[in-house]
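K.L.:
Take a look at the letters that make up each chain.
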Amino acid sequence: MSETANADLARLFAENARAVGAGVLEAKNLEEALALALKVTREKTKAPDSGGAANAPKTLFLADVPDELYRRFEETAGKEGILVGRDLAGDFGEGPDAAFSVALFGISETGTAVLRFDSDDSRAAALLCEIQVVALGKSSLVPGFGEAEPKMTEIMRETDSRLVMVTGPSRTSDIERVLTLGAHGPLELLVVLTED
Amino acid sequence: MARSMGRYREEIREALGDSYLGAVLDKFARQYEVAREEAFAGIDTRALFAEIAAIKDEALKNIPELYETFKREAEKRGVGVSLARDARECRETILKIAEETGSRKIIKTKSMTAEEIGLNEALIAGGLEVCETDLGEWIVQLRGERPTHMVLPAIHLSREAVAETFSGVAGTRLEPDIEKLVRFARRELRRKFLEADMAVTGANFALAETGTLGILTNEGNGGLATSLPGTVASVVGLEKLLAGPGDLYPILKALPRSATAQKITAYATFLTGNPGFDRSGKKRERRVVFLDNGRSRLLGDEVFRSVLRCVRCGACANLCPVYRLVGGRVLGHVYVGAAGLLFTHFFHGADEARHIVANCIGCEACKDLCPAGIDLPGLVFDLRDRLAREEGPSLWSLLLSVVLPDRKLWHGLLKAGRFVQKPFARGGFVKSVPAVLTEEQDFRAIPALPPENFRELVDERDLNGPGDARVSIFAGCAHEFMYPGDLVAGVRLLVRKGVSVSFPVEQACCGLPALTLGGRKTAAKIALKNLEIFLAEDTDHIISLCPSCASHMKNRYPALLGDMPELSGDLAKFARRIVDFSAFLFNVLKYSKEDFESNSEKAAFHGSCHQRLGLGAGREPRELLAAAASYVRTEDEELCCGFGGTYSLKFPEISKTLTERKLDGYERAGASVVVTDCPGCVMELSGVEERRRRKLPVEHMAGFLHRLLKKEGGGK
Numbered sequence: 001m002s003e004t005a006n007a008d009l010a011r012l013f014a015e016n017a018r019a020v021g022a023g024v025l026e027a028k029n030l031e032e033a034l035a036l037a038l039k040v041t042r043e044k045t046k047a048p049d050s051g052g053a054a055n056a057p058k059t060l061f062l063a064d065v066p067d068e069l070y071r072r073f074e075e076t077a078g079k080e081g082i083l084v085g086r087d088l089a090g091d092f093g094e095g096p097d098a099a100f101s102v103a104l105f106g107i108s109e110t111g112t113a114v115l116r117f118d119s120d121d122s123r124a125a126a127l128l129c130e131i132q133v134v135a136l137g138k139s140s141l142v143p144g145f146g147e148a149e150p151k152m153t154e155i156m157r158e159t160d161s162r163l164v165m166v167t168g169p170s171r172t173s174d175i176e177r178v179l180t181l182g183a184h185g186p187l188e189l190l191v192v193l194t195e196d
Numbered sequence: 001m002a003r004s005m006g007r008y009r010e011e012i013r014e015a016l017g018d019s020y021l022g023a024v025l026d027k028f029a030r031q032y033e034v035a036r037e038e039a040f041a042g043i044d045t046r047a048l049f050a051e052i053a054a055i056k057d058e059a060l061k062n063i064p065e066l067y068e069t070f071k072r073e074a075e076k077r078g079v080g081v082s083l084a085r086d087a088r089e090c091r092e093t094i095l096k097i098a099e100e101t102g103s104r105k106i107i108k109t110k111s112m113t114a115e116e117i118g119l120n121e122a123l124i125a126g127g128l129e130v131c132e133t134d135l136g137e138w139i140v141q142l143r144g145e146r147p148t149h150m151v152l153p154a155i156h157l158s159r160e161a162v163a164e165t166f167s168g169v170a171g172t173r174l175e176p177d178i179e180k181l182v183r184f185a186r187r188e189l190r191r192k193f194l195e196a197d198m199a200v201t202g203a204n205f206a207l208a209e210t211g212t213l214g215i216l217t218n219e220g221n222g223g224l225a226t227s228l229p230g231t232v233a234s235v236v237g238l239e240k241l242l243a244g245p246g247d248l249y250p251i252l253k254a255l256p257r258s259a260t261a262q263k264i265t266a267y268a269t270f271l272t273g274n275p276g277f278d279r280s281g282k283k284r285e286r287r288v289v290f291l292d293n294g295r296s297r298l299l300g301d302e303v304f305r306s307v308l309r310c311v312r313c314g315a316c317a318n319l320c321p322v323y324r325l326v327g328g329r330v331l332g333h334v335y336v337g338a339a340g341l342l343f344t345h346f347f348h349g350a351d352e353a354r355h356i357v358a359n360c361i362g363c364e365a366c367k368d369l370c371p372a373g374i375d376l377p378g379l380v381f382d383l384r385d386r387l388a389r390e391e392g393p394s395l396w397s398l399l400l401s402v403v404l405p406d407r408k409l410w411h412g413l414l415k416a417g418r419f420v421q422k423p424f425a426r427g428g429f430v431k432s433v434p435a436v437l438t439e440e441q442d443f444r445a446i447p448a449l450p451p452e453n454f455r456e457l458v459d460e461r462d463l464n465g466p467g468d469a470r471v472s473i474f475a476g477c478a479h480e481f482m483y484p485g486d487l488v489a490g491v492r493l494l495v496r497k498g499v500s501v502s503f504p505v506e507q508a509c510c511g512l513p514a515l516t517l518g519g520r521k522t523a524a525k526i527a528l529k530n531l532e533i534f535l536a537e538d539t540d541h542i543i544s545l546c547p548s549c550a551s552h553m554k555n556r557y558p559a560l561l562g563d564m565p566e567l568s569g570d571l572a573k574f575a576r577r578i579v580d581f582s583a584f585l586f587n588v589l590k591y592s593k594e595d596f597e598s599n600s601e602k603a604a605f606h607g608s609c610h611q612r613l614g615l616g617a618g619r620e621p622r623e624l625l626a627a628a629a630s631y632v633r634t635e636d637e638e639l640c641c642g643f644g645g646t647y648s649l650k651f652p653e654i655s656k657t658l659t660e661r662k663l664d665g666y667e668r669a670g671a672s673v674v675v676t677d678c679p680g681c682v683m684e685l686s687g688v689e690e691r692r693r694r695k696l697p698v699e700h701m702a703g704f705l706h707r708l709l710k711k712e713g714g715g716k
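First to last, the sequence lines map onto chains A and B. For the first sequence, the positions run 1 to 196 when our numbering is used. For the second sequence, the positions run 1 to 716 when our numbering is used.
Quick caveat, the hints were computed from the structure, so don't treat them as lab data. There's no promise every hint is true.
[As the list claims (entries may be wrong)] No farther apart than 30 Å at their CA atoms in a straight line, the calculated lysine-lysine pairs in the BS3-like style are these:
id: 1; chain 1: B; residue 1: Lys-61; chain 2: A; residue 2: Lys-151
id: 2; chain 1: B; residue 1: Lys-180; chain 2: A; residue 2: Lys-44
id: 3; chain 1: B; residue 1: Lys-71; chain 2: A; residue 2: Lys-151
id: 4; chain 1: A; residue 1: Lys-138; chain 2: B; residue 2: Lys-263
id: 5; chain 1: B; residue 1: Lys-525; chain 2: B; residue 2: Lys-367
[Unchecked claim] Some but not every residue of chain A turned toward chain B, in silico, with C-beta under 7 Å:
id: 6; residue: Arg-123
id: 7; residue: Arg-162
id: 8; residue: His-184
[Said to hold, decoys possible] Facing chain B, from chain A, some residues (calculated, C-beta under 10 Å):
id: 9; residue: Asn-16
id: 10; residue: Ser-119
id: 11; residue: Glu-149
id: 12; residue: Arg-157
id: 13; residue: Met-165
id: 14; residue: Asp-174
id: 15; residue: Leu-181
id: 16; residue: Gly-182
C-beta: ideal position from N, C-alpha, C; glycine also.
Bound-form chain B, shown alone (with noise of 0.2 Å):
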């Protein structure tokens, strides 16, 4: 039965309370965040990644006749080919299998698929003898857990919890030493290869052309599987069709970098055929069992297709802040990471994806690391429109539809929110948790909204000037209400470079909120907005002191208005326009450290998720601080802080986890203050420094610039 709210956040609390589990995926993250980059050093991985992309949806594309040249090919060639439409299909067909072929003692090796299908327990309930062979696998099943990382199965267990659980096996106290616990499950399952009736496994490739599959490995137990036992049967999913070995080689050179920072794993093996019969003069029965599920309903969906590209290589797992934090319990079901929740949502259904598909933070870790170039971040997107239309919108993203497209309303509203606030404001903050959020919430100071906001603050003379470069400016809500001070101080670093920066009036939200709660219409809706407004300004650049709303625009606004095709055009203009404020300031006004004060300001840099992720730039602010300040490098300087908008209502705990955490890395860094460019940043982590009492400032870029500017012309 699928997880409730409540027994999901239990899980959460449960795992940020492992503290094992916590400090293991961590540091797996920084190693993983430098292996693999060396792993891809010299490749251009853009070229690569789409190379299999396009790979993958041409086959994607053919896969019945994919299915029918594999069954024909390998037929040919003595191997019995076989469709189960559903788990349940799939389940009766090894059973069949092992009944038809008399075996007994089944040996697995690591299969995703299988896990899919809750096979082991059917074997298992079908009176067979069943043994994962993977190391972590077979941990995990001696433990009676389920995998938590798709490459990494155990990855949630120490060497203590290990040795005990081997303990048991032995009937005596083993020593946890990793070594001498490698040795003992390699003599006790080489009984169980030599035992074995039967072997059951997954694959990575299957190759219609030749009828051939490909299996990697690093520990052997896929070539001992498919040697040993008189039968083998692998169970694979349809999306693992390819045309032909000629399309092997990109997913070759990607998988195992991404997997596992390896150039190739220490095993493939390539099986085409039937090798006849043993020693004994017993036939050999191979017999390849693929696997439907919910693959063809999929394969026709023209928005989710392109999850089957997905290799499973666990990559969208590594480096996602909440993953690293709660494992895979928590942050999947069977398949963990983006790619999970995805499969979770078609493979498992909506009960059960639910939780973790409002799981997802929103930083966009995941985008460009996917080897097959799925839109993880946009896909969750969809999804979460998807179950909006299907379920009904959620009051959030109703009240949203009606007030973000009409600016009058939503400024009306902020601004109404000034005088609510008024008895409640003190030192910049409000003082207690407004009524609308609960006690959960008040881990952070929400800030209170400042007297005048940016259209009341700016001084005209600092807009429509005679400058050589035109900049328009895209304030976003936060800006406009609750730093505008920011943006004053961001409009007149441009102004002082000789920038003309204009503002347009009409504007109001990115629709960026909108798009997170599952509100796609509405955030259409509000893209087609800004894009008329923003276009009839006809200026050089597009520029937002928010990286949130600017990544949003530029990057989302073309798939949200794709039902248009003849704005196109208009929309590639108005996104090259977009550019980061940073590295506008750096790059192309040149800022540098003449124009600063010197100072004893030792900054800290926090990069902001969609500022790295969506706008490309992170050497700029960084060159900005060392210029303005003495730049203090601190760990994790790009982790995201743990805001993700509307997510930190749905999950405080990770939240609160994933800010205090940083907050800890500047604080020990002895930073006299932390810099980021994002306001959304800015509002939490200084929310929570705030609430725990500690005084960290944490400034917003075009602040903290201005304010060490010298004072000449057009500075303070």
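Extracted from the complex, chain A is given alone in its bound form (with noise of 0.2 Å):
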């Protein structure tokens, strides 16, 4: 695809990702979203009522992220106390504060982020987070389901999948109709979209 109609569609990706909630921001490359990623666990204030004590260490999950760059990511986030984790168990048993994962692709006609997990954890860690990171190649960026619906049939007849599109934050509008985001799944989404 020519490098105009890439950027057309990441435009075309942003402008709908952010009308249904969604943060977009650009990097380099998965190593430079990795770090945005730890940047917003950093900043991330634990919420009043998200449950477990206020001093205890910030999470970020990490799923599907080849071993040696997951490596060097729980050294960096260790030394500024940030936990690293790719299964639920211990401080991640009750959420993650941060969940990143990489997008198979994302269609840009809806600002949907087409993710496959590995394992049931790191599905569930991606909704029970508070914060959702996922990186997105532009490269990767197709137009609408029509262009989408070949990749995706193509793993629904593996032996075991798990695909999630995802558009925005978790939301509900359950009590007269008000629109409120996190209502199971994370508060706040954001797509990083990366250059390779």
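From the two separate chains plus the hints, produce the assembled complex.
P.N.:
Here is the structure:
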């Protein structure tokens, strides 16, 4: 795809994602996206009613990140007193402060990030967290459902797969139809568009 | 036990007395209408809905094969699949899964199918702890109620009511602050998610080719319920089966837009296979229980099979004038809205459905809304017909079957009515309620029949003139006998612009009242007669000043005479010729400002349901009003007036409320006259205004325009 077409898709994606309450940032690569995830975890204030002790360490769940990168970030985060994990044990049991995952591709028409989770733990963590951070490669953007279909079908044909189309943070309008973000899932969704 | 009519009417009165419910549903309907339109902007909905209908129809033809394929593919991937024939078997299967997996604590995501089979009650009776996790469902569960909307289960409750309910859980007083209430629920339910042994979910899609389940949620509870507990059992209606992932996208595009005016829900989760073992090494259980519960029977039903195309968006409830007044408890059982009324009959039985089937006002507001292209109003007629055949017709229906097809008898009776009413008529209305009606009908004054009917009143010189365009008039009973002056005015408006008007004298009723009361055979007999009469005329257009008659003849005759394929060409020609009166005046005869005297009328518009939805005319009558007078735009111009023909006899309290609300709106807007294209609406609106001793006049478009015409040529 040409660079201009890609930039148009990225612009459209950002516009539609923001329209449903997602934050959209840009980064050069996965590593920079991870650094942003660490930053939002660091800067996050514990919600007064989020449960857990106020002085408990902040937690960042890293789903499906390559081992080498995971270990590097675990170390960097550790220096700041932030716990990094990839299963829902211990301090992560009730849900991490933030959860990071890498999207398979994005759909610009709706501002949707399509995620494939390797385990149910990762899938749960992305919902239990208060801030969900998703890295999404600009080159993976497709215009609409029509282009998404073959990609998703291929994965659904596998023996075991968990595909989630995420569009904006968790929401409810069940009380008086007033839109409230952060029903069961994240209160915030941050999509980081990466160059590669 | 099914509700008696007496109890049902009581529930209606209770709902009408609930000012919160009425206000919230009304507000929702207004916002929804605009938001839905925006969400579908730029999309060819007709084509999209037809595509979905075709996908669903194809799937519905192959349900047994799709079930087998799904079972094979899912089982290959470690997911257990079974079929429950009925509600009891389904409840037992779920209980057995809980027992086999040693599950005590159950969490549920929203599932109308689980509601349909009364699953919660069974699980609780089986000693299990059950907690709904969809916020609205949890609220109604805590209150011991049932959901009143397919997408917004607690729409009937205010923040104060929710705060009170949650305070009971918290053991301390909670503020009626929505954000805080949502946070409270998040915290409470988070605990339930983490402790649960088993989840019971529904599903929006079951994709046979890959054995995949698709679940749409906004809150994220679907994702948590299917990832945290060791055991997940999904209850899925057989009609959710689709051939494969390729069939998904048109529905995925239309369903959220239709349900909540979103392009897509926050989460669309697609689960294939069994993720295997959890961290503690315990094997995860994934089960899918398909539910039949009457669906196979419905699949074999040529007339009603298309109901199963329903994707449960709830759109048919949202803009239903009766639903937005009384809510889902009255206009539904488990399933609500127009689709709900059909589902209630097929899934819960005729006894449960009888009164809610009668409570469809027939406005057709739901017809073009359905993303699966289900002809909901048509199916409601069909259901009434089936009920009448199975249980015997009502007295009214029986009477109409004798009288309506016989023009001389019918018109003879109406003429006799003129004499009977004479001592009781005053100022254009009958003084007191005729003996055939009850006291409850007294909210509306009944118009007195004028001394001459249309045939007696019309000047022969107005008919069969030498004009270029040739139009046949279908009078309809209301204009022939109740408002003949308006019809004469309509004819003159046509003649003035050079139209040659003919009036086939053998015509009588259009047949709609018979169909409404379940008399399909009578309606078909009348349709055939009118078809013959009007095709013999061979004019360019057929015009009725009653959009209900016109829409019925244009849109329902083909189905009524569907068993005579040799007529299909004639029916198409007949339907093509039927045009809306106002649209013809504006588009073809080019009526404009120059045709009218200057005046100080402030005219508000009431759009009749059948004019807009059946004939597709909405802009033209407004243009005519703006040309003839000063057009005052008002809220809810196209909301049903509440008449609905025989509907207002059955549910006068709903009829009255709808009408009074409309009239109040027109009065508030400072209109000096209300103009509509439908004689039934004129009767309802003017009759109620008369009875409540107010003075706002209501006129038919023809009479109104003719009254303001410049006096020249064929004018007054």
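K.L.:
Now, for every hint given, state plainly whether the structure supports it.
P.N.:
Results for each hint:
A hinted pair counts as satisfied when its Cα atoms are at most 30 Å apart, and B/Lys-61 with A/Lys-151 qualifies at roughly 28 Å. For the given pair, B/Lys-180 sits about 19 Å from A/Lys-44 by alpha-carbon distance, which is consistent with the 30 Å threshold. Taking the CA atoms of B/Lys-71 and A/Lys-151, the gap is about 24 Å. The hint holds against a cut of 30 Å. At roughly 21 Å between alpha-carbon atoms, A/Lys-138 and B/Lys-263 fall within 30 Å of each other, so this suggested pair holds.
Restraint check for B/Lys-525 and B/Lys-367: the C-alpha separation of about 25 Å stays at or below 30 Å, so the hint holds. With 7 Å as the threshold, the beta carbon of A/Arg-123 comes within range of chain B, its nearest partner Cβ sitting at about 5 Å, so the hint holds. Below 7 Å, beta-carbon pairs count as interface contacts, and A/Arg-162 has one with chain B at about 6 Å; its hint therefore holds. Here the hint on A/His-184 is kept, as its CB sits about 4 Å from the closest CB of chain B, short of 7 Å.
The interface hint given for A/Asn-16 is met, as the beta carbon of that residue sits about 7 Å from the closest beta carbon of chain B, less than 10 Å. Proximity of A/Ser-119 to chain B holds as hinted, the smallest CB-CB distance being about 7 Å (cut-off 10 Å). Interface hint at A/Glu-149: satisfied, since its Cβ lies 6 Å from the closest Cβ of chain B, which is below the 10 Å cut-off. Here the hint on A/Arg-157 is kept, as its CB sits about 5 Å from the closest CB of chain B, short of 10 Å.
With a cut of 10 Å, the hint placing A/Met-165 at the interface with chain B holds, because the nearest CB-to-CB distance is about 4 Å. Given the 10 Å rule on beta carbons, the hint for A/Asp-174 holds: about 4 Å separates it from the nearest Cβ of chain B. The interface hint given for A/Leu-181 holds, since its Cβ lies 9 Å from the closest Cβ of chain B, which is under the 10 Å cut-off. A hinted interface residue such as A/Gly-182 counts as satisfied when its beta carbon comes closer than 10 Å to some beta carbon of chain B; here the least separation is about 7 Å, so the hint holds.
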